[in-house]
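Asks: Mapping to full-length UniProt numbering: the sequence shown position 108 is 108, numbers consecutive.
In case anyone wonders, no lab produced these hints; they're calculated from the structure. Certain hints may be false.
[As the list claims (entries may be wrong)] Using C-beta positions, here's what the derived DEER-type ranges look like:
| no. | residue 1 | residue 2 | range |
| --- | --- | --- | --- |
| 1 | Leu115 | His63 | 37 to 47 angstroms |
| 2 | Gly112 | Gly25 | 45 to 55 angstroms |
| 3 | Gly112 | Ala35 | 28 to 38 angstroms |
| 4 | Gly65 | Gly108 | 34 to 44 angstroms |
| 5 | Ser12 | Asp126 | 27 to 37 angstroms |
| 6 | Val10 | Arg133 | 37 to 47 angstroms |
| 7 | Gly108 | Leu137 | 32 to 42 angstroms |
| 8 | Pro100 | Gly25 | 17 to 27 angstroms |
| 9 | Ala107 | Leu141 | 39 to 49 angstroms |
Predicted model, so just to flag it, every value in this text is computed and none were measured. Don't be surprised by glycine CBs; every beta carbon is placed ideally from N, CA and C.
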Amino acid sequence: MITALVLVVVGSVARAPVPWWGRWGLVGVVLVLVAVNELGLVTIRFPENRRLVPEGVFRLGRHLGPLQFGIEMGTGARTYLPSGLPYIAATAVLLTASLPQALLAGAGFGLGRALMTTASLNHPDDWHALWSRHTSLLTPLLSGAFLLSLLGALLTAT
1 MITALVLVVV
11 GSVARAPVPW
21 WGRWGLVGVV
31 LVLVAVNELG
41 LVTIRFPENR
51 RLVPEGVFRL
61 GRHLGPLQFG
71 IEMGTGARTY
81 LPSGLPYIAA
91 TAVLLTASLP
101 QALLAGAGFG
111 LGRALMTTAS
121 LNHPDDWHAL
131 WSRHTSLLTP
141 LLSGAFLLSL
151 LGALLTAT
C-alpha cells in the first residue's frame, strides 16, 4: 500500500498534462513490452533491486522484524520479480488511479503475495515442483484475470 500511495501521489502530478487516452496508451505500451518479454520474444531487463531481505531484520523482535520485512518486500526495496505483471499494475496506478483505486491495488498486490506464501505452507518441500507442473495452466489463467481487471479499470475510466 505504501508503494501504491507513492505512485498515486507522484502520478497525480505526472498525469495532469496527459489526456486519459494518452495515459491508457502508455499503460498499453508497458503491457505490450511485458507481454513480449514474458513470451520470450525479446529480453527486457526491467528494473528490480535483486536483493533478498536479510535475516537480520528479525533482530527487531516478533512484531517489528516481520513488519520491516513486509515493508521491504511489499515496496520492492529488496525483492526479485519473477513476472513483469507488477510493472503493468504500477504503471496503471501511476497514470490512472484515484487514491481509493491505488489503495485497493496495493491491497490486492499484498493479498496476492500472501496467498502465494500461504499456498506454499502445505507443500514446503515440493511447492515449486507443483507450480512448475501446473504453470502452463496457471500462467495464462492468472494473466487473463489480471487483464480482465485492467480492462474493467479502463472501462470505468472512460
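Asks: Each of the hints needs a verdict: does it hold here or not?
Replies: So, going through the hints one by one against the coordinates:
1. The beta-carbon spacing between Leu115 and His63, approximately 22 angstroms, falls outside the hinted interval of 37 to 47 angstroms.
2. For Gly112 and Gly25, the Cβ-Cβ distance of about 26 angstroms falls outside the hinted range of 45 to 55 angstroms, so the restraint is violated.
3. Checked against the hint of 28 to 38 angstroms, the C-beta distance between Gly112 and Ala35 comes to roughly 19 angstroms, which is inconsistent with it.
4. Between Gly65 and Gly108 the C-beta distance comes to about 25 angstroms, which lies outside the given range of 34 to 44 angstroms.
5. Evaluation of the 27 to 37 angstroms hint for Ser12 and Asp126 yields a failure: the beta carbon distance comes to about 45 angstroms.
6. Judged by the Cβ atoms, the range 37 to 47 angstroms given for Val10 and Arg133 holds: they are separated by roughly 40 angstroms.
7. Checked against the given bound of 32 to 42 angstroms, the beta carbons of Gly108 and Leu137, roughly 22 angstroms apart, lie outside it.
8. Between Pro100 and Gly25 the C-beta distance comes to about 24 angstroms, which sits within the given range of 17 to 27 angstroms.
9. Remark: the range hint 39 to 49 angstroms for Ala107 to Leu141 is contradicted by a beta-carbon distance near 21 angstroms.
Hints 1, 2, 3, 4, 5, 7, 9 from the list above are not met by this structure, while the remaining hints are.
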